[in-house]
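There are 2 protein chains.
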Amino acid sequence: MPNRSLQNHPFLAACRREAVRYTPVWLMRQAGRYMEDYRALRAQYGFLELCKKPDLAAEITVTPVERLKVDAAIIFADILLILEPMGVGLEYSKGDGPVIHRPVRNGKDLDDLKDFDPNKELSFVYEAVKKTRAALDDRVPLIGFAGAPFTLASYLIEGAGSRNYTHAKKLYYTAPEVWHCLLQRLSQLITKYLNCQIAAGAQAVQLFDSWAGCLTPGDYEHFVLPYTRSVIAGITPGVPVISFSTGTAGLLKHIRAAGGDVIGLDWRINLDEGWATVGHDVAVQGNLDPVALFAPPKEIRRRVADVLDRAGNRPGHIFNLGHGVLPETPVDHVIAMVEAVHELSAR
Amino acid sequence: MPNRSLQNHPFLAACRREAVRYTPVWLMRQAGRYMEDYRALRAQYGFLELCKKPDLAAEITVTPVERLKVDAAIIFADILLILEPMGVGLEYSKGDGPVIHRPVRNGKDLDDLKDFDPNKELSFVYEAVKKTRAALDDRVPLIGFAGAPFTLASYLIEGAGSRNYTHAKKLYYTAPEVWHCLLQRLSQLITKYLNCQIAAGAQAVQLFDSWAGCLTPGDYEHFVLPYTRSVIAGITPGVPVISFSTGTAGLLKHIRAAGGDVIGLDWRINLDEGWATVGHDVAVQGNLDPVALFAPPKEIRRRVADVLDRAGNRPGHIFNLGHGVLPETPVDHVIAMVEAVHELSAR
Numbered sequence: 001m002p003n004r005s006l007q008n009h010p011f012l013a014a015c016r017r018e019a020v021r022y023t024p025v026w027l028m029r030q031a032g033r034y035m036e037d038y039r040a041l042r043a044q045y046g047f048l049e050l051c052k053k054p055d056l057a058a059e060i061t062v063t064p065v066e067r068l069k070v071d072a073a074i075i076f077a078d079i080l081l082i083l084e085p086m087g088v089g090l091e092y093s094k095g096d097g098p099v100i101h102r103p104v105r106n107g108k109d110l111d112d113l114k115d116f117d118p119n120k121e122l123s124f125v126y127e128a129v130k131k132t133r134a135a136l137d138d139r140v141p142l143i144g145f146a147g148a149p150f151t152l153a154s155y156l157i158e159g160a161g162s163r164n165y166t167h168a169k170k171l172y173y174t175a176p177e178v179w180h181c182l183l184q185r186l187s188q189l190i191t192k193y194l195n196c197q198i199a200a201g202a203q204a205v206q207l208f209d210s211w212a213g214c215l216t217p218g219d220y221e222h223f224v225l226p227y228t229r230s231v232i233a234g235i236t237p238g239v240p241v242i243s244f245s246t247g248t249a250g251l252l253k254h255i256r257a258a259g260g261d262v263i264g265l266d267w268r269i270n271l272d273e274g275w276a277t278v279g280h281d282v283a284v285q286g287n288l289d290p291v292a293l294f295a296p297p298k299e300i301r302r303r304v305a306d307v308l309d310r311a312g313n314r315p316g317h318i319f320n321l322g323h324g325v326l327p328e329t330p331v332d333h334v335i336a337m338v339e340a341v342h343e344l345s346a347r
Numbered sequence: 001m002p003n004r005s006l007q008n009h010p011f012l013a014a015c016r017r018e019a020v021r022y023t024p025v026w027l028m029r030q031a032g033r034y035m036e037d038y039r040a041l042r043a044q045y046g047f048l049e050l051c052k053k054p055d056l057a058a059e060i061t062v063t064p065v066e067r068l069k070v071d072a073a074i075i076f077a078d079i080l081l082i083l084e085p086m087g088v089g090l091e092y093s094k095g096d097g098p099v100i101h102r103p104v105r106n107g108k109d110l111d112d113l114k115d116f117d118p119n120k121e122l123s124f125v126y127e128a129v130k131k132t133r134a135a136l137d138d139r140v141p142l143i144g145f146a147g148a149p150f151t152l153a154s155y156l157i158e159g160a161g162s163r164n165y166t167h168a169k170k171l172y173y174t175a176p177e178v179w180h181c182l183l184q185r186l187s188q189l190i191t192k193y194l195n196c197q198i199a200a201g202a203q204a205v206q207l208f209d210s211w212a213g214c215l216t217p218g219d220y221e222h223f224v225l226p227y228t229r230s231v232i233a234g235i236t237p238g239v240p241v242i243s244f245s246t247g248t249a250g251l252l253k254h255i256r257a258a259g260g261d262v263i264g265l266d267w268r269i270n271l272d273e274g275w276a277t278v279g280h281d282v283a284v285q286g287n288l289d290p291v292a293l294f295a296p297p298k299e300i301r302r303r304v305a306d307v308l309d310r311a312g313n314r315p316g317h318i319f320n321l322g323h324g325v326l327p328e329t330p331v332d333h334v335i336a337m338v339e340a341v342h343e344l345s346a347r
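Just so you know, the protein sequences line up as chains A and B, in that order. Position 13 of the first sequence, counting from 1, maps to 13 under the working numbering, and the rest follow consecutively. Position 77 of the second sequence, counting from 1, maps to 77 under the working numbering, and the rest follow consecutively.
Keep in mind the hints are simulated off the structure, nothing from the lab. Among these hints, one or two may not hold up.
Identical chains blur together in the list; that is why a pair holds if it fits in one copy or across any two.
Computed list of lysine-lysine pairs in DSSO-like fashion (alpha-carbon distance at most 27 Å, straight line) [what the hints assert, rightly or not]:
1) Lys108 - Lys298
2) Lys69 - Lys170
3) Lys170 - Lys298
4) Lys69 - Lys94
5) Lys53 - Lys253
6) Lys108 - Lys94
7) Lys130 - Lys94
8) Lys114 - Lys52
9) Lys170 - Lys120
10) Lys53 - Lys130
11) Lys131 - Lys120
12) Lys53 - Lys120
13) Lys69 - Lys120
14) Lys120 - Lys253
Construct all of the structure, not just a fragment, from the sequences and the given hints.
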């Protein structure tokens, strides 16, 4: 274990399913567009530019910890950063979301991908991790993250966000050898990338398989699970891994089988049912509907209580949304949610 | 029961969970854009125009039955047609999907909705049903359909397709009385509309809750289930009701509780697991991934076999995709799928 500080913090203790004084809470995209501070920075800098300025990335990472009183920070970065050194023409275009100008659709495209060493190429991320740890000064643990092999492969293949993932699925239907090669390559890169974040100071890591919900259980098992499992198995021992996905209520047993200390549950399944499905020998994270933060604070509190009730005082629950904070979310509602989690779960 | 013909057809028998000679199969959007005949008609007529020309609607409905040899026809129409007489400015704009120019966001908007009698206003649909029945000449049963209360309400409130359904959810968070009023009004209209289709000759009906997958189980139970249940309970006795939704693996018990003779399962859950969840005392429909039709025919056949294996010869399985046929799907792959279902399931 590279770093022993904060090991008894409720967030890290909950990852290990130890009893804690209150349920730890953080939010995906807690440093996002719904925050005025962030919008002000984005008015001055492009998204990629911000990611590559470690001082600013650290500042963005720390702000919500101070503002919201959440129990973990997550490094300001993006799951697609790892694709840039592959030379596929990644561009964060305005409005439509990131685009990959040279998507991977066949064996030739795969051969054309540039090889690179995550130790060297993505040093701005590690620098940001170091600076964030210094700025946090052990107030809360810092989470590193990466996209999971399937979600990154789909982005590489589709070239943009997708509704049906037709190109990605076509690749494994028609050229499974290319698919397996690509996923293996990605999983090795992701493992190294996460371990570098850990070496720089990340105290837990989250693997985002945001798009796994489009898969049949059989396809997940055959084309995805081995690679996610290999990433998780390769993470520096002692560092908790959170396995996140969305829309995967019918896939939870397979997702559990891929490993991880904490399994993310979205709001499309009741937390108690989801936890029973993945097994009580693993921690869970979730699962408030991000849209619920548009409800009045009283209703937010009622919904927080419902999630906590379903967790039922069992050790190993980290409170979170089922997906990222939405851009128009009122900041005071987020604060009310965090307060409600702390108050209602105090033991 | 208004119509006794074809009662022993495998499709209707399977709806009643009776043993059949082979597993019946049809596809959502089997008359859609992937078919050249349909694209040719759409080059001449607008979408709404086609819906309102019963001769053409009947022709479009019958074509895939002849071309694909499927075991049911579904009337050519659209779930939003029922919203047009409400005076909300429904427009089928090119490219972006239908738009509602005056969305319902509050009590005032709700009061402004025009009242109408589905017996009178939507007669072009019933006319198309009659003409289709005549053209089908009892070769296969004809399915009528409508949008479910939640999906129609969401469209009315959002005004267009949506990613997060923030306006819809905000309405039930902040003005539940308006929500309940709207849903009740819609469910009464939908019930009448479906019964008119049945009176005109529809031999089964499908209720499309295409967007229910964005809901928490609790919200489904409280804000949706009572209305879906009321529609299903009000359908002309003896006519099978198929309850369709997608992305609802974590909601299946609630969906079952709303009623219906056949529960639609999408590809995000294995068919055997989904069937066990909804209970073996109800029929199921599904559940091939629509994208699988882009795979080579040999792979399609393997995937069809897997779905049939999971149904395991249990009476009450109707083969279908988990959602509609995608626009670029090769027609010969669809034909190969239908043939595979018939051959591999022959008893």
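Outcome of the hint check:
no.: 1; hint: Lys108 - Lys298; result: between (56 Å within a copy, 25 Å between copies)
no.: 2; hint: Lys69 - Lys170; result: between (45 Å within a copy, 26 Å between copies)
no.: 3; hint: Lys170 - Lys298; result: between (47 Å within a copy, 14 Å between copies)
no.: 4; hint: Lys69 - Lys94; result: neither (31 Å within a copy, 47 Å between copies)
no.: 5; hint: Lys53 - Lys253; result: neither (40 Å within a copy, 49 Å between copies)
no.: 6; hint: Lys108 - Lys94; result: neither (30 Å within a copy, 36 Å between copies)
no.: 7; hint: Lys130 - Lys94; result: neither (29 Å within a copy, 51 Å between copies)
no.: 8; hint: Lys114 - Lys52; result: within (20 Å within a copy, 55 Å between copies)
no.: 9; hint: Lys170 - Lys120; result: neither (34 Å within a copy, 47 Å between copies)
no.: 10; hint: Lys53 - Lys130; result: within (13 Å within a copy, 67 Å between copies)
no.: 11; hint: Lys131 - Lys120; result: within (18 Å within a copy, 69 Å between copies)
no.: 12; hint: Lys53 - Lys120; result: within (16 Å within a copy, 65 Å between copies)
no.: 13; hint: Lys69 - Lys120; result: neither (34 Å within a copy, 59 Å between copies)
no.: 14; hint: Lys120 - Lys253; result: neither (36 Å within a copy, 51 Å between copies)
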